[in-house]
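Chemist: The lines below spell out each chain.
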Amino acid sequence: MMTNDKDIIYAMREDAERGFRLLMLSYKEPLYWHIRRLVVSHDDAQDAAQEAFIRIFRSFGQYNEANSLRAWIFRIATNEALRLIDRRREDPISIDKVLDTEVDSYVNYDDLETVRLQNAILSLPPKQQLAFNLRYYDEMDYDEIAQIADTTAASVKASYYVAKEKIIKFMTSND
Amino acid sequence: MEKTFDFEQVGKRMPYDVPNDFFDKFEENMMVEVKSRRSKKPLRIALSSILAVAAAIALFFVMQPLLPKSNVDDFESVELAFNNLSTDDQDFLIQVYEDEDILMNDFEFNP
Chain Z
1 MMTNDKDIIY AMREDAERGF RLLMLSYKEP LYWHIRRLVV SHDDAQDAAQ
51 EAFIRIFRSF GQYNEANSLR AWIFRIATNE ALRLIDRRRE DPISIDKVLD
101 TEVDSYVNYD DLETVRLQNA ILSLPPKQQL AFNLRYYDEM DYDEIAQIAD
151 TTAASVKASY YVAKEKIIKF MTSND
Chain P
1 MEKTFDFEQV GKRMPYDVPN DFFDKFEENM MVEVKSRRSK KPLRIALSSI
51 LAVAAAIALF FVMQPLLPKS NVDDFESVEL AFNNLSTDDQ DFLIQVYEDE
101 DILMNDFEFN P
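Those protein sequences? They're chains Z and P, same order as listed.
Here the numbering used here is used: the first residue of the first sequence is 1, the next is one more, and so on.
Here the numbering used here is used: the first residue of the second sequence is 1, the next is one more, and so on.
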């Protein structure tokens, strides 16, 4: 059964534990994958997702129903992922690095095309990465992405198209 | 001819994977975490309330000597209580205090 955001909000207000279970049901996978695409490593994604969900639970009272619940949740998750990336700023992310450092990296290197696409996305500045991932993988509209990235829909649209062009260039020049 | 890249060839496929049953275990761990946080909350609230009351009492005793004495209020309340007494009781009290050489007017003029 699909749970919509209104059900989650109502349940969170009535019975936080039940509401949180509904929220987890709907968001644990999309949120994990969103973080994973940004931080790459499974362990890091798990840590950041855990922090994000705890933050969501603790600060649910601050959520304003005038805004999209999905955008609010993704914004918290994005901040956790960026915080984690910031902590290791001196060490830029790439899938190859994860292979070198993690014994069980949970990355399938056999699918070369997807590995290359992820490396292309990871080579983008964070703003373009965010715009591309949320549009391409999560199929969000520009307004919702703007809420997550704390910017305007026009700026997100521009970031998305620039990102797309850069990815095409990367994919065709690195055979 | 210029080479191009077709996003549809890759679609939403990703090279990333997760351990078996990862999402089920993750959800259960999160629920345990949230429950433990909720059960700690009433204790935290009770403890913070007790600390707040204790701090208020301590502050009262520390600040009391610094607060200005309100003799006017004291005098008014004594006068009110005195007026509520019967005439006989008032006479008795006047006699007692006259004997001890304490006049009500002393309070009024020498606060």
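Fair warning: there could be bad hints in the mix.
No farther apart than 16 Å at their CA atoms in a straight line, the calculated lysine to aspartate or glutamate pairs in the EDC-like style are these [unchecked claim]:
(1) P:12 to Z:143
(2) Z:157 to Z:143
(3) P:12 to Z:139
(4) Z:28 to P:8
(5) Z:28 to P:6
These are computed hints drawn from the structure, not numbers from a lab.
Chemist: Hint by hint, note whether the structure agrees.
Modeler: Structure-based check of all given hints:
| no. | hint | result |
| --- | --- | --- |
| 1 | P:12 to Z:143 | 22 Å, violated |
| 2 | Z:157 to Z:143 | 9 Å, holds |
| 3 | P:12 to Z:139 | 11 Å, holds |
| 4 | Z:28 to P:8 | 26 Å, violated |
| 5 | Z:28 to P:6 | 30 Å, violated |
Checked against the numbered hints above, the structure breaks hints 1, 4, 5 and satisfies the rest.
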